[in-house]
Amino acid sequence: MAVSGVMLVVFLFAIDTTIVGAAMPTVVGQLGGLELYSWVFSAYMLTSALSTPLCGKLSDLCGRRRLMLIGIALFMLSSALCAIAGNMEQLIVFRALQGVAGGAIYALSFIIVGFLFPPEERAKMQGLISGIWGIASILGPLAGGVITQYWNWRWIFLVNLPVCLMAALLIFLGLIETEVDRRRRADLKGGAALLLGLFLLFYALEESRRNFFALDSTLIGLSVSALAVLLLFCRIEQRAEEPLLPPGLFRLRLFRICAAIALVASMGMFGVISYLPLYIQGVLGDSASRAGLALLLASLGWTAGSFVAGHGMNRFGYRWVCAAGMVLMIFGYAFFVGTGDHPGLIAILVGGCVIGIGMGIVSLTSMVAAQNGVHLNQLGVATSTIMLCRMFGGAFGISLMGSVLFSQMQRQLQSLSKGSGADISDSLLKRLANPETLLDPSTRILIPALLLNSLVDILGHSIWYAFLTGFFIMLVGLGLSLFITDPESASTDLVRTPE
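Count along the sequence shown from 1, then add 693; that gives the number in this note's numbering.
FYI, nobody ran anything at the bench for these hints, they're computed from the structure.
Some clues are possibly wrong.
Have a look at the derived ranges for each label pair, beta carbon to beta carbon [as the list claims (entries may be wrong)]:
| id | residue 1 | residue 2 | range |
| --- | --- | --- | --- |
| 1 | Phe1176 | Asn1007 | 19 to 27 Å |
| 2 | Trp1013 | Val721 | 42 to 50 Å |
| 3 | Met694 | Val917 | 45 to 53 Å |
| 4 | Arg949 | Val917 | 25 to 33 Å |
| 5 | Leu1161 | Phe865 | 48 to 56 Å |
| 6 | Gly779 | Leu924 | 37 to 45 Å |
| 7 | Thr719 | Arg949 | 45 to 53 Å |
| 8 | Ile777 | Leu858 | 39 to 47 Å |
| 9 | Leu1038 | Leu835 | 20 to 28 Å |
Once the Cα atoms are required to be at most 20 Å apart in a straight line, the calculated DMTMM-like pairs of lysine to aspartate or glutamate come out as [unchecked claim]:
| id | residue 1 | residue 2 |
| --- | --- | --- |
| 10 | Lys882 | Glu934 |
| 11 | Lys817 | Asp1179 |
| 12 | Lys882 | Glu930 |
| 13 | Lys882 | Glu935 |
Please read these numbers as outputs of a predicted model, since none were measured by experiment.
Beta carbons are placed, not taken as given, at the ideal position from N, Cα and C, and that holds for glycine.
Let the sequences and hints guide you as you build the complete structure.
Written out as structure tokens, the structure is:
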């Protein structure tokens, strides 16, 4: 009963991550605020990333069932508020609140499954949970489009309410609350510092993407501030009685490696799915539906990889399963970089699917190995830390590969303008600094016909360099995976909860 409730929760979080996309044109048409369009997505993802590390420690201190029920209640409230939003600003605020709840219940789902099942059974169950996440993410855009077309966009939020009630009932009846020591207190100072530091960090990464990765004073200020606050957080944690991220956790060799692998693999996965559509539409000149097909295959691959890893870990061990996943991600990138700077659509589709399979294997293996390498009373904080590494790795990978892409494109555009005597005005050159403008028909009309092929070649070459960066990152991940040890050999004494 409890597991069924957890599955419903994971399905809700995953589908709400993608369901809004298909409805947004209609939402903007009714509420206005086109300039705030992307913040409806960014606010949800940003706050879900912020709540993940906090709920791990809180679940160890306050109890998993209690915290999950609070998270579901908050998700219901925020969904109802989104449905009655009167303008774009309200919708963004309510989506941010929904992200807080969504990130918490998603992390708690993995924590509860890890708590309910012994180490030898966790892999299969975590694989099932990951598979549900993948299927829900795929169904999200389709469900959003159908609901918006035949009902009303507000129903994409209202349908959450009965599902939340059912999940809460199943968890309330089926999950036995763990006994907690009420003398233990959460580290409020550390929590505030961590939230502020992560907010500044993720906001800096988001701003760098919005400003086409230009290094300006705002970005530098945000980055320096984030670093300073996170250093303060580390100082607070060293003195705290109940640290949110126990320093002893990172003294465990197995946990350090799993965290690093989760970060590196997410850099490769989210980097590639961010720029595949740009390549398919901007370089190959294919349709948006073909770009969507590439993302669909990557998501299906992730789901399939999770199932494979769940059944393979107990048989082959964490090291070789994780290494196999990293090898698949390397092969996937090889489809992009090994066929020149203009790989065809088939190579792109196959490569994206193979990378997805590898990511499903690696993400689940690193999670389960980290969970099995710590004591049960540290399961929550260990799980949420691995998930935070995934989120940060994804955001950082998008920014890193994007900066490579944009710097290469700007350099080659300048060379084209000066070296060939091409007639490119300053205003057009500025617009082309963002390669996504090549997808805009109004911009393509302004480009002389003789230049268009050259510009497409420049875009393809620049994306190739971004994918080459991802290829080398995956080689680092393969090296890390070879150092994974069995949890039985990990020294978990360092992470015992103080008496």
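Comparing the hints with the structure gives:
Between phenylalanine 1176 and asparagine 1007, the C-beta spacing of about 20 Å keeps the proposed range 19 to 27 Å intact. Distance hint check: the CB atoms of tryptophan 1013 and valine 721 are about 49 Å apart, consistent with the given range 42 to 50 Å. Between methionine 694 and valine 917 the CB atoms are about 49 Å apart, so this pair conforms to the stated range of 45 to 53 Å. For arginine 949 paired with valine 917, a C-beta distance near 26 Å keeps the hint of 25 to 33 Å intact.
The hinted window of 48 to 56 Å between leucine 1161 and phenylalanine 865 holds, with their beta carbons roughly 51 Å apart. The beta-carbon spacing between glycine 779 and leucine 924, approximately 41 Å, falls within the hinted interval of 37 to 45 Å. One distance hint, 45 to 53 Å for the beta-carbon pair threonine 719 and arginine 949, holds here, with the actual separation near 47 Å. For isoleucine 777 and leucine 858, the hinted distance range of 39 to 47 Å is not satisfied, since their beta carbons lie about 18 Å from each other.
Look at leucine 1038 against leucine 835: about 22 Å separates their beta carbons, and that is inside 20 to 28 Å. With a C-alpha separation of about 11 Å, the suggested pair lysine 882 and glutamate 934 falls inside the 20 Å cut-off, and the hint holds. Only pairs whose Cα atoms come within 20 Å are accepted, and lysine 817 paired with aspartate 1179 is accepted, the gap being roughly 17 Å. Under the criterion of a C-alpha separation no larger than 20 Å, the hint pairing lysine 882 with glutamate 930 is consistent with the structure, at around 9 Å.
Taking the CA atoms of lysine 882 and glutamate 935, the gap is about 11 Å. The hint holds against a cut of 20 Å.
Of the numbered hints listed earlier, the single one contradicted by the structure is hint 8.
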